[in-house]
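Chemist: What follows is each chain in one-letter form.
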Amino acid sequence: MEWIQQLVNGISLGSIYALIALGYTMVYGIIKLINFAHGDVFMLGAFIGFFAIARWDMHFIPALLMAMILCAVIGVIIERVAYKRLRNATRIAALITAIGVSLLIEYTVIFFRGASPEAYPTVFASTSIEVLGVQIDTKSIFILTVSIVLMLLLQFIVHRTKIGKAMRAVSHDADAARLMGINVDNTISATFAIGSALAGAAGVIFGIYYTRIDPLMGVLPGLKAFVAAVLGGIGIIPGAMAGGLVLGVVETVVSALGFSLWRDAAAFVILILILILRPAGIFGKNAREKV
Amino acid sequence: MKNYKLKKFASIFLATSVLAGALAGCGADSGGSSSSNGGSSGSGNSASGDTIKIGANLELSGAVASYGSSIGDGATLAVEEINANGGINGKKIELIKVDNKSENSEATSAAIRLAEQEKVVAMIGPATSGNTVATVQIANQYKVPVVTASGTAPNVTENADGSINEFAFRTCFIDPFQGTVAANFATNELGAKNVAIFADNASDYAKGLAASFKETIEANGGKVVIEQAYVAKDVDFKSTLTNIKGANPDFIFIPGYYEEVGLIVKQARELGITAPLMGADGWDSPTLVDLAGKDALNNTFITNHYSSEDPDATIQKFVEAFKGKYNQAPNAFHALGYDTVYYLKDAIERAGDDVTGEMIKNMLAETKDLGLVTGTFTVDEKHNPVKSATVLEFKDGNQVFNSKVNP
Numbered sequence: 001m002e003w004i005q006q007l008v009n010g011i012s013l014g015s016i017y018a019l020i021a022l023g024y025t026m027v028y029g030i031i032k033l034i035n036f037a038h039g040d041v042f043m044l045g046a047f048i049g050f051f052a053i054a055r056w057d058m059h060f061i062p063a064l065l066m067a068m069i070l071c072a073v074i075g076v077i078i079e080r081v082a083y084k085r086l087r088n089a090t091r092i093a094a095l096i097t098a099i100g101v102s103l104l105i106e107y108t109v110i111f112f113r114g115a116s117p118e119a120y121p122t123v124f125a126s127t128s129i130e131v132l133g134v135q136i137d138t139k140s141i142f143i144l145t146v147s148i149v150l151m152l153l154l155q156f157i158v159h160r161t162k163i164g165k166a167m168r169a170v171s172h173d174a175d176a177a178r179l180m181g182i183n184v185d186n187t188i189s190a191t192f193a194i195g196s197a198l199a200g201a202a203g204v205i206f207g208i209y210y211t212r213i214d215p216l217m218g219v220l221p222g223l224k225a226f227v228a229a230v231l232g233g234i235g236i237i238p239g240a241m242a243g244g245l246v247l248g249v250v251e252t253v254v255s256a257l258g259f260s261l262w263r264d265a266a267a268f269v270i271l272i273l274i275l276i277l278r279p280a281g282i283f284g285k286n287a288r289e290k291v
Numbered sequence: 001m002k003n004y005k006l007k008k009f010a011s012i013f014l015a016t017s018v019l020a021g022a023l024a025g026c027g028a029d030s031g032g033s034s035s036s037n038g039g040s041s042g043s044g045n046s047a048s049g050d051t052i053k054i055g056a057n058l059e060l061s062g063a064v065a066s067y068g069s070s071i072g073d074g075a076t077l078a079v080e081e082i083n084a085n086g087g088i089n090g091k092k093i094e095l096i097k098v099d100n101k102s103e104n105s106e107a108t109s110a111a112i113r114l115a116e117q118e119k120v121v122a123m124i125g126p127a128t129s130g131n132t133v134a135t136v137q138i139a140n141q142y143k144v145p146v147v148t149a150s151g152t153a154p155n156v157t158e159n160a161d162g163s164i165n166e167f168a169f170r171t172c173f174i175d176p177f178q179g180t181v182a183a184n185f186a187t188n189e190l191g192a193k194n195v196a197i198f199a200d201n202a203s204d205y206a207k208g209l210a211a212s213f214k215e216t217i218e219a220n221g222g223k224v225v226i227e228q229a230y231v232a233k234d235v236d237f238k239s240t241l242t243n244i245k246g247a248n249p250d251f252i253f254i255p256g257y258y259e260e261v262g263l264i265v266k267q268a269r270e271l272g273i274t275a276p277l278m279g280a281d282g283w284d285s286p287t288l289v290d291l292a293g294k295d296a297l298n299n300t301f302i303t304n305h306y307s308s309e310d311p312d313a314t315i316q317k318f319v320e321a322f323k324g325k326y327n328q329a330p331n332a333f334h335a336l337g338y339d340t341v342y343y344l345k346d347a348i349e350r351a352g353d354d355v356t357g358e359m360i361k362n363m364l365a366e367t368k369d370l371g372l373v374t375g376t377f378t379v380d381e382k383h384n385p386v387k388s389a390t391v392l393e394f395k396d397g398n399q400v401f402n403s404k405v406n407p
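First to last, the protein sequences are chains A and B. Quick note: the first sequence uses our numbering, first residue 1, plus one each step. Quick note: the second sequence uses our numbering, first residue 1, plus one each step.
Chain B on its own, in the form it takes in the complex:
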């Protein structure tokens, strides 16, 4: 009897789940078709009246809130400037900010909301690569281009099989490029021969950087004497650093995020490691200085998207405008958020009266020699901007402009 009941229960459960699956399938289909009905003849949402709606799907709370809110501040400044100067082809921009709580699933639903309810013609994407990837499918489905300001992983625009995500773009350079720049800097500027790599093994970002760094340093005639890894959330790096010290490298590359890197730099100096240390834009946070201490950070370098101390005129004009509004010096995320809006503006301007998602996408892909704060760029066939990187050096806790490296 019991057994029979169990079987009956199981079959009902099975039937229900099959039915639910079928319904879910239908739901997704109808969602897709209704979205294309919403736009003009299947080319995405279009601008109507005197405003152009742009969505901003940002990390305004959660683990990486500092990235998302910085991008949001930069974008707001750019929108205000553009509207004060008469908008785009006479139309004002309306920026609709949505919080994705630094979570993949929230980023997806925020993108759906922006595309379906708010009818935006383009979106500024989330700050991190993972959250951006979670919105790319929605962008393709609703034909609304998504431009991430700081999602640097290659797979944001390019799929594993080599195909391009048609509606995904970015304003920043990609990860492997930073590793190459760091390796060239180590060889050419610091004369490094025997290098060590200490990478975060839990992030694709760090692994990508480590791989391209290694490739370039070996091509430059250098030697990787020791390669070690750590896992995010570790706090004790002394034993591994003791190993690295034993290998006697004259340069150490540490791709990772500031939460661990701060401790690594501190503990390395405590162990008497004096070699120059270098990382990438994941180091860029004021918390890094608190964690590592100003003294430990001397003789360390990072590659970054831009420096607020770069003497370039475009940059100084932006820095002044930003200080005027927010009363602080803009960091790289502020600058990238600002640039993302101008990148979109340039594309929408060239789209003329035909402001649809499809048209904006075509224009974004055709962008050439666009001069922005974080560099002048042309978009390549993989939707990545080809632009220069800046090398910064820490001096007493401040990032000081060192040099600019072209691709």
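Chain A with its partners taken away, still in its complex shape:
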């Protein structure tokens, strides 16, 4: 029974990684940029959710929507201010800018509120259901449901809507898309908006599940989500979901085997192994198109 419990623990952790990884992978898919500021948008989402719930007395769903909308706006601003003018620059220039933006966001937040952690208010009365000796928190079921709904929504947007079609076209060949009358700038902005909204949602979910948030909370989950995106095959949406879940479960298994001090190392060992053995990621081969 202990193993089923560990699996439940791993999936809860993995669904948060997956949500952040989705944004990573979308941005990479469309402009080949590893957006290191993504983890910090996740952090901003957590804080917006915190203020919405604790200070302005909002309920969970309005707070989640508010964090998603504001993060979408922030994502677009970051793209317009920092990345747009670098579109034709070398990729290393864009990468370094992304790291700079990441540090700027982190330390701006620290400047305004200090580095001390904040405790998320209780939104749901957490009750545990016991199934076959396994304790499942109602909170983790709810959170998993929200994550899955958001992922399905994203799949729908990418494959069934006009803007999704434009994204797929731009990721395939931006110049050809422009010739076909697609507004490439707006499409890229939309990608940033959607990716950042998902990161914002992940921030609120993280806060509710793990309670503690602080201005540097985005760093490690951001890197883990990057590993998840590479693991699934960077640029591939189902790959990011799968990568996130696999990573969460692997970390949990490593802890369960008694190597809890190695769990962070395990994530990066996976990154190294996947880059050596299968650089395209798990889903790499089947991919015909990326977003």
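Think of the hints as simulated: they come from the structure by calculation, not from any bench. Be careful, since some hints might not be right.
[What the hints assert, rightly or not] The calculated BS3-like cross-link candidates involving lysine-lysine, where the alpha carbons are at most 30 Å apart (straight line), are:
1) B:Lys-193 - B:Lys-404
2) A:Lys-139 - B:Lys-233
3) A:Lys-139 - B:Lys-395
4) B:Lys-91 - B:Lys-317
5) A:Lys-139 - B:Lys-91
6) B:Lys-404 - B:Lys-294
7) B:Lys-207 - B:Lys-53
8) B:Lys-317 - B:Lys-294
9) B:Lys-119 - B:Lys-91
Given chain A's structure and the hints, the job is docking chain B onto it.
Modeler: What follows is chain B alone, placed relative to chain A:
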């Protein structure tokens, strides 16, 4: 040609760095001698006129600002009381507070500033052990005693080779003592037999506590059924806690700081772990209650320096005075800051007219049976106060006085 230029550049660089090194060496030497010139015949700074200057090198901002500012508030109250009662041997105390931003390097420069520019005769040291250790060298160099209110690591006063830092003192008990108290409490009060340890592997504080806890529990006939570790800043402890639950312990010792402990307690209860949990003074923060939730904290215990609910008369007098000034109940750091000033006052009083760093140091080391808020203590040969610890229990988010344990 290129190669030649590179060599030339390298040799210039080398020469410059050697020169810089030599100059830095000189600088340190002259700094040392000028400080002893400043004091009276090499015995540190001395008090002049009608005031006695005491420095306070505290974490007023940064990561552990809540500790440092609490100590500062407690110390301020004590200084006001002493001055209102006529000062020390007729001289008033002047408290000079400096912010060390919770950083080692800032703590060192703050100590230099206090010793060299402000000419203080003694310093209240930083709140954390790491920051205090960073100032000990300065204290020895300028012969200005530094007394930390809450630096509990053994290496504050005692070096690795067993030698004592002459000018370093503290008002709190040391870490290993808390682990021993927790183990005795588990065996004697809760009847624990099979215990688990879940320790923060990133801090010497937690590792020291875990080691002394383990030693004592085994000496008491108990058994450590599982030992696990975590790293500071982790947020997900459920998988390790599932392991611990599988080992079925009847008591879990969790030495660490509130930021992680809050989450551990919450997640342990969510997994259905009902065994009593226990920690030490690192748990003492209102944020712990926010993180863990009031219900999860029931049936958990901590060892601490003092409890504001202790019925003892000295403590209640202090609590009243503190509430009168700050309108809140004092926590352990407030009490330790307050006590640190009285510990210094007692030593300076006995120093008589010879108020120098050297003399204060001797008097601090000779302190016997000094009755303070956080307990009555005598200083041992390692400059540590020997005093009792208080065990507190969380009930609906409040710390409730449980018992007092003597060393």
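Chemist: Starting from the hint list further up, note which numbers the structure goes against and sort them upward.
Modeler: 5, 7
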